[in-house]
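In order, the protein sequence lines correspond to chains A and B. The first sequence begins at 0 in my numbering and counts up by one. The second sequence begins at 11 in my numbering and counts up by one.
For the record, the hints were derived by calculation from the structure and aren't laboratory data. For every residue, glycine included, the Cβ atom is placed at its ideal position computed from N, Cα and C. Keep in mind that the hints are not guaranteed to be accurate.
[As the list claims (entries may be wrong)] Here are the simulated DSSO-like cross-link-like pairs (lysine-lysine), alpha carbons at most 27 angstroms apart as the crow flies:
#1 K305/B to K271/A
#2 K171/A to K206/B
#3 K91/B to K237/B
#4 K237/B to K136/A
#5 K49/B to K70/B
#6 K18/B to K241/A
#7 K18/B to K34/B
#8 K271/A to K65/A
#9 K241/A to K188/B
[Unchecked claim] The following label-pair restraints were derived from C-beta to C-beta distances:
#10 G224/A to M110/B: 50 to 60 angstroms
#11 G224/A to C129/B: 14 to 24 angstroms
#12 P261/A to Y93/B: 34 to 44 angstroms
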Amino acid sequence: MEGKKLRSKKGSERLKLAIIHIVLTLICLIWLVPFFILIIQSFRGETGMSTNYFFPKQWTIDNYVKLFTKTKFLKWYANTLIVALAVTVLQTLIVLMTGYALSRLRFKMRKPLMNVMLILGMFPGFLSMTAVYFVLKEINLTQNIFGLILVYAAGSAMQYYICKGFFDTIPKSLDEAARIDGADRHTVFIKIILPLAKPIIIYTILTAFIAPWGEYMFSSFIMLGDPDKFTVAVGMKQWLDKESVNEYFTVFCAAAVVVSIPVTALFIWLQKYYVEGVTGGSVKG
Amino acid sequence: MVDLEYLKMSAPQKFVYRTKAFFKRLPRSIASFFAALPKKLYGCLMAFLSVFTNIGSAAKNGTWRTRISFVAMGTGLIALKQYLRGILYLLFEVLFALYMVFFGWKYLAKLGSLGEVACVEEWDDALGIFTYKFYDNSLLILLYSLMTIFIIVAFIYMWYRNVTGCYECEKVREAGLKLTGTKEELRSYTDRNYHKTLLSVPMLGIVVFTVLPIFFMIFIAFTNYDKAHMPPKELFSWVGAENFVNVLGGGISANSKVFAYTFREVLLWTVVWAFFATFTNYILGMVVAILINKKGVRCKKLYRTVLVMTIAVPQFVSLMLMSQLLADQGLLNNLMISWGWIDKPIPFLTDGTAAKITIIIVNLWIGIPFSMLICTGILMNIPEDLYESARIDGAGPVTAYMKITLPYMLHVTTPYLITQFIGNLNNFNVIFLLTGGEPLSLEMQYAGKTDLLITWLYKLTVNESQYGLASVIGIFTFIVVAVFSLIFYNRSKSVKNEEELM
């Protein structure tokens, strides 16, 4: 009697688990199918925006050939790569410096500064874009990669929050011990805090590097009118305009695959740090 | 009694109660703010006056060195052998004077009118064509005037520091103490003054690329800068609060009525969207995380990796792909028609209401992996024995979720929810790349049915050159975001370092 009850309970438990497994597999499918579609569409031979069957009837690599030979894609890719690398370096430096200063150093303007940045963050970023555009135009940096780098990097101090939260968790006793030994604050930062901050450094690098690949708002405005200077997002968006979508949709898919592979690989490689940064930052506030 | 009633409420009821309480308390907190105002103002006034008393005492008690610093910055310090600071102050004054005489003054003088003559057409005999001679550019006048004002403020501050700094040094010397040498001064920038070293570049970036532009756009909101008033060919001028009146519906012309209607519609959808986008993602992400975390589920890592991978694919790729798959002639509609499931395409993105629902669903697809990631780590921290005792008390999984999981998660992740909500209020990518704000509506001006304030702002600027109105929209967006952040920050007890934020 007892045994039977136990077994039936076990059975219902197993049924539950089976259902959960099915649900999770379904979820994974839902998330993967669009990317699967993206990949097979990039090999589609038929032209046009879409077909009324799932698998293409002609398979080809023409889309990739066209992408690299007949479009400005390589140029856009190089632009985006340069911007991403430069922004990564600048943003990482700025975020670390700001994070350390606001976490460890005590000065009169510390709290007012943090409040001001909080309030500035509430303004829609694009609001300032017109003025930034004319400032850039005055120094001849519109339709210029350096202008875009400047715009991305200039505001990065406002993303200090997660970094500061991380520095806050490093015990202060470490600093104090070093200070007693005669180290100044700069030495403490370089020799003690930075070596301990590897996860947050990698997190900052990763987010800084990925952001320019998907950013559309600022880059489209700054590069307006010069297709040679587009980033991948701006250039590829053009292909999906109503006039060109029929010709370029499969090329778009090929380009999307080419853009996604390195970024995704990097991301999966450094996933651990990303998860740490995201969860740590969002919980500690 | 009241406390007991409060404890009996469910989580959503508590939320409603607290939100109500916040608004109920609002008049009183506003009143107390104003009650405290005289004291605060007095404090400010005292601080302000202390600036003058400091200058006064420096003028009265200081020697000739301090007194010449009033006119020639840094000279007193140089006389005191504080060469580094002294020379920098002096250099700053010289540069400032040059800037004002040759550049700043020209623009500042025209700030009131924003220029008188924009351009003159002249017949060029040699070339046989009309040539344009450009004179006043309202845009540059406003921009450079603002910059000059910033520089003047910086100058006044430096001047004050120079006078008091010199006086301090004199006092130190009078007391018979040694002044810090140049070398020591330099070394302090890696130690005592290290924050100045670290923060100068980041803050310069923020001032030039964020603060100055925001001030600029706030001023633009009070001008008629639009398509008909485009520098350098035309001037624009101050129009007072006209743009604000138009947006809020006080305008007389039919055009401004339409604009005000558009503003209300867009604002409403922005808030509705941010609410649904944030909470559907959050709840469903949590559910997925719970499912994966459940004891006995195999391949946890595989499921998680598949979902995390989708975060890595650049968002614009997934969004634009979705916009094509869901189009009227897109793959999904075509497939369903050819399979005979439907007769005519479902207007996923071309019907107002359907598009709104589609956006929220696609946003789920984009956002669930992210919230799943956030929730996974926290869920593991909930003590297992809490569930154990709940089960012994006879609570089912739903009750356990409502009474244990949800309150715990809400408590810990409030900061995340706040940032998500604010991020969604300004979520440009999802809307712009998915629908582009469409479908268009006849009743609305320059905006479609799914436009958010931020995408509308983008269109007003990039496509329509309605800078004045766009600035007003930007300012209202700021107000909306600020109001919601204030409400949430006030409500959340889990913002532990609250005194640091507010």
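Hint check results:
no.: 1; hint: K305/B to K271/A; verdict: holds, 22 angstroms
no.: 2; hint: K171/A to K206/B; verdict: holds, 21 angstroms
no.: 3; hint: K91/B to K237/B; verdict: violated, 58 angstroms
no.: 4; hint: K237/B to K136/A; verdict: holds, 19 angstroms
no.: 5; hint: K49/B to K70/B; verdict: violated, 30 angstroms
no.: 6; hint: K18/B to K241/A; verdict: violated, 56 angstroms
no.: 7; hint: K18/B to K34/B; verdict: holds, 21 angstroms
no.: 8; hint: K271/A to K65/A; verdict: violated, 37 angstroms
no.: 9; hint: K241/A to K188/B; verdict: violated, 76 angstroms
no.: 10; hint: G224/A to M110/B: 50 to 60 angstroms; verdict: violated, 36 angstroms
no.: 11; hint: G224/A to C129/B: 14 to 24 angstroms; verdict: holds, 22 angstroms
no.: 12; hint: P261/A to Y93/B: 34 to 44 angstroms; verdict: violated, 53 angstroms
Checked against the numbered hints listed earlier, the structure breaks hints 3, 5, 6, 8, 9, 10, 12; every other hint is satisfied.
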